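As you go down the protein sequences, you meet chains X and D in turn.
Residues 1 to 340 in my numbering are what the first sequence lists, from first letter to last.
Residues 1 to 250 in my numbering are what the second sequence lists, from first letter to last.
Simulated from the structure, these hints should not be mistaken for lab results.
Only true hints are included.
Straight line, CA to CA, 27 Å or less: simulated DSSO-like cross-link-like pairs of lysine-lysine:
(1) D:K13 - D:K172
(2) D:K172 - X:K135
(3) D:K13 - X:K110
(4) X:K135 - X:K110
(5) D:K13 - X:K135
On a predicted model such as this, the values are computed, not experimentally measured, just so you know.
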Amino acid sequence: MLEVCHVSKDYGPFHAVRDLSFTAAAGEIVGFLGPNGAGKTTTMRLITGYLPPTRGEVKVDGLVVRTNALEAKRRIGYLPEVPPVYPELTVNEYLNFCARLRRVPSRQRKDAVARACQRTALNDVRHRVIGHLSKGFRQRVGIAQAILHDPQLLVLDEPTAGLDPRQILETRQLIRELAGQHTVIISTHILSEAAATCERVVIINRGALVAVDSPENLTHRLKSTDTIELQVRCPHGNEAAVTAALGTVEGVLKADFSHLRQEVGTWQLEVANASVREEVARRIVGSGWGLLELRPIDLSLEEIFLSLTANQPAGQPEAPQPPAGADTPIAADAEKGAQL
Amino acid sequence: MSGMFAVMRKEWKTYLITPAAYVVVALFAFVSAFFFYNMLAVFVMQSLNGGFGGGNLNVNVQVLQPLMFDIGITLLFLLPMVTMRQYAEEANSGTMELLKTAPIRRMDVILGKFFAALGLLIVLLIITGFYVGVVAHYGAPDLRAAAISLLGLLLLGGAFLAIGLLISSLTKSQVVAGVITFVLFLVLWIADWPVAYSSGTAAHVIAYLSVTSHLQNFTQGILDLKDVIFYLSLIVAGLFLTARRMELAE
Chain X
1 MLEVCHVSKD YGPFHAVRDL SFTAAAGEIV GFLGPNGAGK TTTMRLITGY LPPTRGEVKV
61 DGLVVRTNAL EAKRRIGYLP EVPPVYPELT VNEYLNFCAR LRRVPSRQRK DAVARACQRT
121 ALNDVRHRVI GHLSKGFRQR VGIAQAILHD PQLLVLDEPT AGLDPRQILE TRQLIRELAG
181 QHTVIISTHI LSEAAATCER VVIINRGALV AVDSPENLTH RLKSTDTIEL QVRCPHGNEA
241 AVTAALGTVE GVLKADFSHL RQEVGTWQLE VANASVREEV ARRIVGSGWG LLELRPIDLS
301 LEEIFLSLTA NQPAGQPEAP QPPAGADTPI AADAEKGAQL
Chain D
1 MSGMFAVMRK EWKTYLITPA AYVVVALFAF VSAFFFYNML AVFVMQSLNG GFGGGNLNVN
61 VQVLQPLMFD IGITLLFLLP MVTMRQYAEE ANSGTMELLK TAPIRRMDVI LGKFFAALGL
121 LIVLLIITGF YVGVVAHYGA PDLRAAAISL LGLLLLGGAF LAIGLLISSL TKSQVVAGVI
181 TFVLFLVLWI ADWPVAYSSG TAAHVIAYLS VTSHLQNFTQ GILDLKDVIF YLSLIVAGLF
241 LTARRMELAE
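Sequences and hints are given; from them, build the entire structure.
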């Protein structure tokens with residue numbers, strides 16, 4: 001359905017996207033993941049024909065977007081990062097305008113607008129001026145605009161950004177519903193977001209492809225060890241004893257003390273497998289300390305990112321050099337790249 | 001083509017529901033009525049004096065011609081207010097992404113916006129036509145000359161709109177677009193001044209670019225193809241360069 005073939009986009013000396021290739025099959029939901037400034041929005045714009053690629057081609061349904069723009073664009077629905085709405089129009093007026101732009105035949109226009117409003121739960125606000133709506137509603141108007149003409153390919157740039165938790169759940173639900181009939185590309189910088197909705201994840205950094213896999217495989221591949229965060233109530237001066245006790249539990253690879261506040265200490269444990277947790281709990285309670293919290297920490301995007309880029313073969317200048325055991329905020333790093 | 005009408009409809013809707021177009025029409029009506037009333041009052045006074053001291057009395061020369069010319073100046077002030085938002089606002093609010101990813105041609109958007117603004121200009125010219133009607137009701141003006149004047153104003157306004165659209169496409173800031181457009185219009189208006197004291201070639205070349213000298217013929221009822229082509233080429237150049245600008249912005 002969507003083929004991105006060796007696409008690059010340069011802005012003068014800055015390479016926003018470099019030699020990026022991936023595909024999306026019909027009906028698939030693909031997550032497009034990367035830190036801020038990685039080139040996600042640029043890639044979305046290349047796919048939708050807003051920008052022409054410097055090199056390479058994007059094909060939608062076999063049509064090259066650059067040379068067959070009108071036909072290709074008819075098959076695409078696009079929600080940009082900022083919903084492209086006219087604040088002075090009502091939802092109804094706006095969607096009718098979009099239907100005309102998208103060349104929905106006049107007889108089907110009314111139904112198309114009604115259906116899009118139905119699916120995005122906009123019926124109550126159809127006659128209200130968009131400028132008076134909340135951000136969540138505006139975002140939904142943006143989604144309604146993208147699905148209006150029943151496109152084969154739906155490109156959503158950070159569709160849940162700025163929504164409240166309930167709206168995020170509703171939007172994810174909507175995206176899952178849409179998946180059957182549409183190919184969906186979602187960009188996000190939050191891993192859990194991608195994991196919640198996508199069947200496949202494309203990770204990019206500094207405009208270059210880092211990995212393509214299912215979210216489960218990605219976390220699996222990287223989770224050779226689990227991390228646990230532990231909160232223990234213990235008197236001052238006992239931190240070293242706790243650390244030592246934790247270190248002797250079988251399966252604990254590393255016990256790091258992080259801080260003590262009002263007799264509550266926090267530790268980070270690296271453990272071989274999840275079952276070690278029981279033994280850790282027993283040891284703490286058995287030693288007379290108070291076990292307040294014990295929870296596994298999921299790999300964050302930054303960590304997945306660091307592991308993935310660390311494993312990249314040498315000689316690739318775009319791979320960042322993560323310092324060992326680093327907490328380096330990759331996002332800031334990548335943004336530096338974006339400013340070059 | 002359908003894309004052009006979609007954009008035009010949307011622009012018209014915006015005119016109807018936002019204050020900008022009403023402000024333009026109201027200011028135009030007020031200022032042009034003031035011009036008209038004053039010119040007419042002076043003319044009527046002179047007529048009552050039997051043309052004493054004024055030589056021949058001619059309603060075309062003394063009322064309609066200066067009126068049309070002053071309406072040209074009024075357009076110079078008001079049309080930047082119409083064009084300054086056209087592209088700058090789209091670029092600013094992100095709606096450009098909607099227009100550029102829709103299955104329509106670049107020219108559809110440009111022409112849609114241009115013709116929508118031209119529609120607003122026609123409303124202003126209808127108001128002007130009302131003044132001609134008043135004169136025709138009480139006197140016998142040269143209606144052919146008046147029609148040619150209105151055509152001249154339509155072409156002048158069209159050229160202003162095309163240039164204004166181009167400048168709006170060059171910046172994200174409405175204020176910058178508005179100021180540059182206004183100053184450029186002003187320069188085009190006064191470009192023939194050097195001819196008054198210089199007979200050099202440069203002065204004449206620059207003077208040819210003046211929108212004023214070309215309007216003069218129209219207000220005098222002279223329909224010269226040279227003047228029509230002058231304005232039409234300004235319009236085509238403005239629209240074409242806007243299209244080029246959109247292409248290069250990618």
